[in-house]
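Asker: Read top to bottom, the protein sequences are chains A and B.
Mapping the first sequence onto this note's numbering, position 60 (from 1) lands on 60, and the numbers just tick up by one.
One rule links them: number in this note's numbering = place in the second sequence (from 1) + 1000.
Because the hints were derived from the structure by calculation, they are not lab data.
Keep in mind it's a predicted model, so treat the numbers as computed, not measured.
Glycine is no exception: its CB is placed at the ideal position from the N, C-alpha and C atoms.
Among the clues, some could well be false.
As the list claims (entries may be wrong) - Dumping the calculated SDA-like pairs for lysine to any residue here, alpha-carbon to alpha-carbon at most 25 Å:
| no. | chain 1 | residue 1 | chain 2 | residue 2 |
| --- | --- | --- | --- | --- |
| 1 | B | Lys1060 | B | Leu1048 |
| 2 | B | Lys1122 | A | Leu122 |
| 3 | B | Lys1169 | A | Lys127 |
Unchecked claim - Residues of chain A placed beyond 10 Å of chain B at every Cβ, according to the derived structure:
| no. | residue |
| --- | --- |
| 4 | Thr13 |
| 5 | Glu14 |
| 6 | Ala19 |
| 7 | Leu33 |
| 8 | Arg135 |
| 9 | Arg152 |
| 10 | Arg227 |
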Amino acid sequence: MRAPGSELPVVFTEVAIVAADVTILDGISLVLLGGSAPTVLIGPNGAGKTTLLRAAMGLIPVTRGRISWGGREAASPQRLAFVFQRPVMLRRSTGDNLHYALAAAGVPRDQRASRAAELLALVGLEKLAQRPARRLSGGEQQRLALARALARDPEVLFLDEPTASLDPAATKAIEDIVRAVSARGVKVVMATHDLGEAKRLAGEIVLLHRGRLIESGPASEFFENSRTQEARKFIAGELLV
Amino acid sequence: MLNRRALIAAAAFGAVVFAMPAVFAQDKSIVVASTTSTQDSGLFEYLLPLYKQKTGVTVKVVSQGTGQALDTGRRGDADVVFVHAKSAEEKFLAEGEGVKRFPVMYNDFVLIGPKSDPAGIKGMKDVGQALKAIMAKQAAFISRGDRSGTHVAELALWKASGIDIEKDKGAWYKSIGQGMGAALNTAGAGNGYVLSDRGTWIHFKNKGDLQILVEGDKRMFNQYGVMLVNPAKHPNVKKELGQQFIDYLISPEGQKDIANYKINGEQLFYPNANDAGA
Chain A
1 MRAPGSELPV VFTEVAIVAA DVTILDGISL VLLGGSAPTV LIGPNGAGKT
51 TLLRAAMGLI PVTRGRISWG GREAASPQRL AFVFQRPVML RRSTGDNLHY
101 ALAAAGVPRD QRASRAAELL ALVGLEKLAQ RPARRLSGGE QQRLALARAL
151 ARDPEVLFLD EPTASLDPAA TKAIEDIVRA VSARGVKVVM ATHDLGEAKR
201 LAGEIVLLHR GRLIESGPAS EFFENSRTQE ARKFIAGELL V
Chain B
1001 MLNRRALIAA AAFGAVVFAM PAVFAQDKSI VVASTTSTQD SGLFEYLLPL
1051 YKQKTGVTVK VVSQGTGQAL DTGRRGDADV VFVHAKSAEE KFLAEGEGVK
1101 RFPVMYNDFV LIGPKSDPAG IKGMKDVGQA LKAIMAKQAA FISRGDRSGT
1151 HVAELALWKA SGIDIEKDKG AWYKSIGQGM GAALNTAGAG NGYVLSDRGT
1201 WIHFKNKGDL QILVEGDKRM FNQYGVMLVN PAKHPNVKKE LGQQFIDYLI
1251 SPEGQKDIAN YKINGEQLFY PNANDAGA
């Protein structure tokens, strides 16, 4: 049963997105249900992962087809959150970046300090609250971006390649946060080109190639018994052209 | 000169001798436990008269859901089982109830629904996404719920879509415990979706507002297998006649007969006895 006003499921029905005569997404039919394990989009560069995430967030219009959120034709941005691949840090401290996000999310002033402390602890940045955000490492900035996204208490969290260019320790920290957030009931939909990461995190895999949905299904089925040649090639590390 | 007693004895002997083929002819029949969907497709109405014409053997079909058909075999109440749920067939073999499994033919399942298509699944290539859309919309879905091969396939497709249907079903999911014809009629009456084998769908005469909405996903492939019930466990099994029927089904002649079965020019079943992995 859906909660009243829920953004889930997010349903793509034959969605196409065309820009400057380039088809970025083509005939995508996809249902994002709630659930404790993330849906992970995989595919080569240019497959359309980022565009699909942005469309699911309601950031870009579709050319054909439709997207619905909880059965409605318009998304409520308050219940959705997005972490971009290269998050922008405000020229403030780590803590103040988070306070800003809490204020923007409408959290009452008298609740912001406790909520900030809770979120900084969740992402492991409590000791860096006073550090200027622009002096954090790449991994630390991603963690702050996650905390800011969670400030609005989203129902769905979209992550666009959150561990791209991070070292293994930083990657593990991000993945641990993703698991913790999923376990709290937030629906995580993330894009990655890292198959290992997809195997570690995904409950559901969606493989995109050239804007089309090639194969989707439970992660265990995808990795052990994929149905399409493209999936088998991608899993084997071959180039999809 | 023959006396009266000798003549009577000769006549009696002749009567017995001439009666014997009639006795054996009465015995040239087997029982095949098969599925309602195979029956409803019309395949047996077409194939079995051909087989009788070639061999003189009458094949009597007991049609039930796959689970029930295999149980009929387990009781020794059939000579041959001819069903479409490979995992259940392999379990039957592992229990020692069958002698050997032979693949025979395949058809496919199609996802049927109303023209209004409330879940918006028409034309989807991924049946998993289509089922998710049906659940998301809480659109009526009719399940056979009868342990048939179709029911087993439906449950596998829910699982493949990542949905735990036992946990996630609601009032929208209606399990009716009946055969394919009844399930299609229920879907038609209630604007619902239903998974059907293509053969029964083509043969179904009460389509009304229903139409095929999703087809072609490899996971909707429906493989049939045939097995002789184990005579070592069930001595009453007619093993020669039963094996003769199996040999026919997998022979080039039988495979051609299966391929030639058409409705409105459309082939329903694709023979694949030579596909050892099927």
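Asker: Each hint should be assessed against the structure and marked as holding or not.
Answerer: For each hint, the structure was consulted:
The suggested pairing of Lys1060(B) with Leu1048(B) holds, with an alpha-carbon distance near 9 Å, which does not exceed 25 Å. Among the hinted pairs, Lys1122(B) with Leu122(A) is inconsistent with the structure: their alpha-carbon atoms are about 43 Å apart, more than 25 Å. Proposed proximity of Lys1169(B) and Lys127(A) is contradicted: the alpha carbons are some 46 Å apart, above 25 Å. With a minimum CB-CB distance of about 5 Å to chain B, Thr13(A) fails to clear the 10 Å threshold, and the non-interface call is violated.
Not every C-beta of chain B lies more than 10 Å from that of Glu14(A), the closest at about 7 Å, which undercuts listing it as non-interface. A cut-off of 10 Å between C-beta atoms confirms that Ala19(A) is not in contact with chain B; the least separation is 24 Å. For Leu33(A), the non-interface assignment is contradicted: its Cβ lies about 6 Å from the closest Cβ of chain B, within the 10 Å cut-off. Look at Arg135(A): its CB is around 42 Å from the nearest CB on chain B, clear of 10 Å, so calling it non-interface holds up.
A cut-off of 10 Å between C-beta atoms confirms that Arg152(A) is not in contact with chain B; the least separation is 24 Å. Chain B draws Arg227(A) into its interface by the beta-carbon criterion, the shortest separation being 5 Å against a cut-off of 10 Å.
Checked against the numbered hints above, the structure breaks hints 2, 3, 4, 5, 7, 10 and satisfies the rest.
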